[in-house]
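Trainee: Since the structure of chain A is already known, use the hints to place chain B on it.
Protein chains in written order, with this note's numbering: chain A, 1 to 361; chain B, 1001 to 1361.
Any given hint could turn out to be false.
What the hints assert, rightly or not - Computed from the model, here is a short list of chain B residues facing chain A with C-beta under 10 Å:
| id | residue |
| --- | --- |
| 1 | 1026 |
| 2 | 1039 |
| 3 | 1041 |
| 4 | 1131 |
| 5 | 1251 |
| 6 | 1255 |
| 7 | 1309 |
As the list claims (entries may be wrong) - Facing chain A, from chain B, some residues (calculated, C-beta under 10 Å):
| id | residue |
| --- | --- |
| 8 | 1011 |
| 9 | 1024 |
| 10 | 1027 |
| 11 | 1033 |
| 12 | 1034 |
| 13 | 1098 |
| 14 | 1145 |
| 15 | 1150 |
| 16 | 1181 |
| 17 | 1184 |
| 18 | 1214 |
These aren't lab readings, by the way, just hints derived from the structure by calculation.
As the structure is a prediction and not an experimental result, all values here were calculated from the model.
Yeah, the Cβ is synthetic: ideal placement off N, Cα and C, and Gly gets one too.
There are 2 protein chains.
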Amino acid sequence: MAGETATDTDHITREELQLATRNHGMPLEALRNEVTPIGLHYLLIHYDIPAVDPAAWRLEVCGRVRRPLTLTLDDVRARPSVTRPVTMECAGNGRARLEERPISQPWLLEAVGTGEWTGTPLAPLLDEAGLDDDAIEVVFAGADRGVEGGVEQSYERSLSVDDARRGEVLLAYELNGAPLPPQHGFPLRLLVPGWYGMTSVKWLERITAVDEPFAGYQQAHSYRFRRDPDEPGEPVTRIAPRSLMVPPGIPDFLTRRRFVLAGDCHLEGRAWSGWGPIERVEVSADGGATWWDATLADPATEYAWRAWTTTWHAGEPGEYELCCRATDAAGNVQPAQPEWNVGGYAVNAVHRVPVTVTERA
Amino acid sequence: MAGETATDTDHITREELQLATRNHGMPLEALRNEVTPIGLHYLLIHYDIPAVDPAAWRLEVCGRVRRPLTLTLDDVRARPSVTRPVTMECAGNGRARLEERPISQPWLLEAVGTGEWTGTPLAPLLDEAGLDDDAIEVVFAGADRGVEGGVEQSYERSLSVDDARRGEVLLAYELNGAPLPPQHGFPLRLLVPGWYGMTSVKWLERITAVDEPFAGYQQAHSYRFRRDPDEPGEPVTRIAPRSLMVPPGIPDFLTRRRFVLAGDCHLEGRAWSGWGPIERVEVSADGGATWWDATLADPATEYAWRAWTTTWHAGEPGEYELCCRATDAAGNVQPAQPEWNVGGYAVNAVHRVPVTVTERA
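In isolation and in its complexed conformation, chain A is listed as follows (with noise of 0.2 Å):
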């Protein structure tokens, strides 16, 4: 996040391949899965996951409130609990496609994943706080800690004390029907449902009401839509749209390099964004220069990615790029080509498949 860029789209630096090494995606088979197995849901972490002692662990709720708390995760536990199905994303999605791309976690296309989770509604904690009312944001802190860009810090995020008082806010103590992993966040995160993942602190243990606006690294710095490094830029939010597919037939081990037999081929996928439902999904087969509109499955809840289906008629053995876009509620749609900014948020372009059709035997 330091600002440096490459330019040659051929090589990833090393510092780069430490990040992709540690770091994953979600392989695009997973696509198949309406939840994403443990394991397969991608994972971003600025530092080292910390070994939190749960029976230690504490969460402090403090700041400008009339009443601080402080909570065990049994006092967690033990609050009204909410499950829910929720699409995240990392803002760095697609970061890696960029022809001027940003020195950072090298995402392609797969930091995406739909976890089941089980928490308890934020909001009522608020209230039972009682924020002051010249309290404007919330600010959430993890115990992971590190330095970027030359400032030591603990993971921290804000929201507006609005946006934290939405319903579908929870604080998550489960995936998939388990505690937390470590890796996502044991014992306790934030879960933001429509937003990228920064939003969703993991390893939270203080949550801070302010009555000016947070100015931390993360917030302050990182994820905010700039065209010139120096200029303060627009904050990353929500989730932009993006439609993904199954990658059809075999691929090739090193290439990626994906290989159909003539005739019919099933395509699948799923999209989602976070700026409302998804109503049109788009496919093409010759690159974009036409498209048919996918079978949409019944909407999901309204948080979770919905999947689509088509049948491909891959008649004629060569060479063809298949694409897909999706469209949502708001009128948003992804961009044919990805569209830079200077941290490559929210890199959405249209899903290219390059694809092979070979006779069959």
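Mentor: Chain B alone, transformed into the frame defined by chain A:
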């Protein structure tokens, strides 16, 4: 595995990145865990994770046997079971540290993990099938299919009859007390403790006894030690010794450089070898010029890593290079520098961790 190499150690190709964003290593802070949580164990998947319907799935035991068998998953699970912690490592771990680097999955150091695997011993099943006297090898075939080195194939590997009949070899259907996750071979995989991971065929569907050496791609071409691409080479088998440490202090997000406060610093890690128990782990704070012995935990079970700890007196602020190296009971010691071979296998040079020591406030 196609034999391409790169000599620019600071630049990784896009094809390597595609593999690195799908597959992933174990973040080294997870060395804290005796058993690696699901989702942190390393993963190397040559093709795609296949979709296997467990109700329709069958295991065939066939070829040079007197009584071919067809087993359902319930049949396999009804057999005597064993649960055993086993440390598994990818044969290519360390490959991306070579100066002349084979173009393949670009592992730095993290391709390891220890699972608690539950399964049924293989030998009694082979006895039930009754190997013919002329059977010399047993071939294990997975459901995963792709193209590699121009050859369309299912993933297949063989063992000699003697190795296949060893008591520790299992057909595993659970990891850490739950059914295998899709990415670890659901519903059944081979597990060969002490050997590199390519041996433990995932998504197993067929076991074939054969009367001549198996010449499949993954046996005769890949996973062989070669100094020259045209020589046949020796097969890669057991795991060479390695020790790794939990990187101390806190990291820089991008460079992963570590920052440690001056004073006594607890160091911990784990070490393993497929050639015998770990007998010694040494630690250096000066890049390997001088070493001291770490304290080993009680020996773990035979095929799991062994924990080590020590204290580093980080007295003066400055730049340091921490190292650790293991010695096994067979007398194998980790080399100081990576040792090259065509495929980049078993590159087990000492672990080096650059650290900046800073003053306490």
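Trainee: Compare the structure with each hint and give your call.
Mentor: Hints versus structure:
1. 1026: OK, holds: residue 1026 of chain B within 10 Å of chain A, min 9 Å.
2. 1039: 4 Å, holds
3. 1041: Residue 1041 of chain B check passes; min Cβ-Cβ to chain A is 8 Å, inside 10 Å.
4. 1131: With a closest approach of 32 Å, the residue 1131 of chain B hint is violated.
5. 1251: Check passed: Cβ of residue 1251 of chain B comes within 5 Å of chain A, closer than 10 Å.
6. 1255: 6 Å, holds
7. 1309: This hint is violated: residue 1309 of chain B lies away from chain A, its Cβ roughly 14 Å from the closest one there, beyond 10 Å.
8. 1011: 4 Å, holds
9. 1024: Nearest chain A Cβ about 3 Å off; hint holds.
10. 1027: Holds: closest Cβ of chain A sits about 5 Å from residue 1027 of chain B, inside 10 Å.
11. 1033: 8 Å, holds
12. 1034: 13 Å, violated
13. 1098: 13 Å, violated
14. 1145: 5 Å, holds
15. 1150: 9 Å, holds
16. 1181: For residue 1181 of chain B, the interface hint holds, since the closest Cβ of chain A sits about 5 Å away, which is under 10 Å.
17. 1184: 8 Å, holds
18. 1214: Violated - the Cβ of residue 1214 of chain B stays beyond 10 Å from chain A, reaching only about 19 Å at its closest.
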